[in-house]
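Here the protein sequences line up with chains F and E, keeping their order. Counted the way our numbering counts, the first sequence spans residues 45 to 404. Counted the way our numbering counts, the second sequence spans residues 45 to 404.
By construction, these hints were calculated from the structure, which means they are not laboratory data. Careful: at least some of the hints might be erroneous.
Any copy will do: because identical chains look the same in the list, a pair fits if it lies in one copy or spans two.
Taking lysine-lysine pairs in the PhoX-like style, the calculated list, with each CA pair at most 25 Å apart, reads [said to hold, decoys possible]:
{"#": "1", "residue 1": "274", "residue 2": "224"}
{"#": "2", "residue 1": "351", "residue 2": "72"}
{"#": "3", "residue 1": "88", "residue 2": "351"}
{"#": "4", "residue 1": "88", "residue 2": "184"}
{"#": "5", "residue 1": "46", "residue 2": "304"}
{"#": "6", "residue 1": "322", "residue 2": "72"}
{"#": "7", "residue 1": "136", "residue 2": "350"}
{"#": "8", "residue 1": "350", "residue 2": "244"}
{"#": "9", "residue 1": "351", "residue 2": "274"}
{"#": "10", "residue 1": "304", "residue 2": "136"}
{"#": "11", "residue 1": "274", "residue 2": "244"}
{"#": "12", "residue 1": "136", "residue 2": "72"}
{"#": "13", "residue 1": "72", "residue 2": "350"}
{"#": "14", "residue 1": "184", "residue 2": "244"}
{"#": "15", "residue 1": "274", "residue 2": "46"}
{"#": "16", "residue 1": "72", "residue 2": "274"}
Keep in mind that this is a model prediction, so the values were computed, not measured.
There are 2 protein chains.
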Amino acid sequence: MKKLINQPLDFVRESLEGMAVAHSDLIKVNFEPTFVYRGDAPVKNKVAIISGGGSGHEPMHAGFVGIGMLDAACPGEVFTSPTPDQMLAAAKQVDGGAGILYIVKNYSGDVMNFEMATELARSEGVQVLSILIDDDVAVKDSLYTQGRRGVGTTVLAEKICGAAAQQGYNLRQVADLCRKVNLNGRSMGMALTSCTLPAKGSPSFVLSDTEVEMGIGIHGEPGRLRMQMKSADEITEMLALSIIEDSGYTRTLREWDEDKGEWVDVELTDPPLQTGNKILAFVNGMGGTPVSELYIVYRKLAEICKKQGLEIVRNLIGSYITSLDMQGCSITLLKVDDEMIRLWDAPVRTPSWSWGSFAT
Amino acid sequence: MKKLINQPLDFVRESLEGMAVAHSDLIKVNFEPTFVYRGDAPVKNKVAIISGGGSGHEPMHAGFVGIGMLDAACPGEVFTSPTPDQMLAAAKQVDGGAGILYIVKNYSGDVMNFEMATELARSEGVQVLSILIDDDVAVKDSLYTQGRRGVGTTVLAEKICGAAAQQGYNLRQVADLCRKVNLNGRSMGMALTSCTLPAKGSPSFVLSDTEVEMGIGIHGEPGRLRMQMKSADEITEMLALSIIEDSGYTRTLREWDEDKGEWVDVELTDPPLQTGNKILAFVNGMGGTPVSELYIVYRKLAEICKKQGLEIVRNLIGSYITSLDMQGCSITLLKVDDEMIRLWDAPVRTPSWSWGSFAT
């Protein structure tokens, strides 16, 4: 294994230490329990947004902590859920009195631990809601997941909900918005190569020199199809059409009911993508793919969307939710309305994502 | 070869087409001859900054075209110099009447072609100066290069000079500033893996599973040393100390002399890095390296700089000047003064680099 690391078990801690020293103007890092938080937190009367999950997907989530996005991120070990004590400690650190939204990717460990953290925080008087992201159209039920996996839409939800919180939305409004983003966002990814976990030292799965895996998960979970290498245009078309043709997915998700004071099952159905819809198109690199290749994917994606009558009004192209050094890409299409576009355009300042300015 | 491409020979064109459709608010792309330019160019009475070089180093340079950085970029084929007609056409497109600065990485083909373009532009009445970047301390004379290679400092020079031009510096001032950035910036890189050229389809050189190459060039040119894999801390220390201990490098570079109306040889000497200096520290990924690993490098680099009495006042961490899908990193240390810091902090808006806002 060749990686820019020291001891494999120090990978997550040392990477976070590097972030802390590099971005001391924006973030702080707490260890034992581990969480990254906005340096000026708590921000009084602002809803705080917290996400987290296994490490190995950087810059998500820690790279998105800052002004206008996340208030805190809880990184687990590589591809391993963070623990409830991390999430609880983060919530207490950043609670500005307006409540906390946990944005949770739908993996069984994350779901279980964030639920426990929600209850723990509530028992300590911190108001918490949590919203699941389950946007991966590739497979239903998978390694680590019941239902669909949470992938690229998570990044978009963190940006949009982070802006909403920054602009003064209350907790219920931010949670409703996050749910809406999830239902309107759909993704699918593919891998050209496997990734190598530092602690394991060998590829987490094996693809031959001529094979690719379509519908891969961000931990290398099996996808829909292993096939012979095809052109970028063919791969893009397979991913894009899988997303566009997916419609009306219905699932039951657990959400905390504020009024009842208990978890309730909520049945949620994705609205269809239709001709005339405005969309945000996100082409994401899996960590080891050069941005030049992502633009080749975007080129074809734009052509397909146009043909389908979908108007791309915003885009994002780069490596935002990764699988260590995996080569490959994912596509996320998010149906957006004017509110989402306005929040997308709002300023943001984090270690890995920045645009616009904040009034000082 | 597994890449997200179609026909290898279409790689550069299709990637640029993707950029054009993705960022039509910021840039336009011209083909035959090929150059990327700021969508609102020419900007009247503003010095225009143009760079270029072989493709395969994205996001440099095309990703840096926009407001507050480059006015145009001339991409060659992969690892191949662009031609004088590209540079001339770009100059004529973006000339706002205040002259053009070519920022040129020191590779023989680039140097020769930008010199020719300078003369051609001048013969058509466009005032052009050109500044060479030769910041790579690893080796003197190399494949493709007489003297030192131009690497990471190029990115920093483009940001700083782009801001200066945006703020109204005249051509001579921008050129002098660019020369100063080059003399104060030094870099060294290393590779964990080779890279694969689309047209060739196989790795451009071979490193075994346990070997790394220290002092590698961005085209995979041989470095100082091929050695057994070491820890991130050891690798960082070798790179950082090679840069810090390098001092007083003297070379003769050709520059256009405005008064004499001819090329003159200018002897230039790098000023030393000394205790108490303020520096900008840039940890760059080579294209296939996850950002989490770059932070592990930055962590050690910050420790080394502190021990050496160098105060890191700004930093940049990410993949900005790459070698296709190569895994590895480079470090650039730029000694900065207040003027450079102010220009570094100035707003910028390009496809791959954005912060702050411009008055509208």
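Hints and how they fare:
no.: 1; hint: 274 / 224; verdict: neither (34 Å within a copy, 48 Å between copies)
no.: 2; hint: 351 / 72; verdict: between (46 Å within a copy, 22 Å between copies)
no.: 3; hint: 88 / 351; verdict: neither (47 Å within a copy, 39 Å between copies)
no.: 4; hint: 88 / 184; verdict: neither (40 Å within a copy, 56 Å between copies)
no.: 5; hint: 46 / 304; verdict: neither (53 Å within a copy, 53 Å between copies)
no.: 6; hint: 322 / 72; verdict: between (37 Å within a copy, 23 Å between copies)
no.: 7; hint: 136 / 350; verdict: neither (46 Å within a copy, 33 Å between copies)
no.: 8; hint: 350 / 244; verdict: neither (44 Å within a copy, 33 Å between copies)
no.: 9; hint: 351 / 274; verdict: within (21 Å within a copy, 51 Å between copies)
no.: 10; hint: 304 / 136; verdict: within (23 Å within a copy, 69 Å between copies)
no.: 11; hint: 274 / 244; verdict: between (30 Å within a copy, 17 Å between copies)
no.: 12; hint: 136 / 72; verdict: within (15 Å within a copy, 48 Å between copies)
no.: 13; hint: 72 / 350; verdict: between (43 Å within a copy, 20 Å between copies)
no.: 14; hint: 184 / 244; verdict: neither (27 Å within a copy, 39 Å between copies)
no.: 15; hint: 274 / 46; verdict: between (28 Å within a copy, 9 Å between copies)
no.: 16; hint: 72 / 274; verdict: neither (44 Å within a copy, 29 Å between copies)
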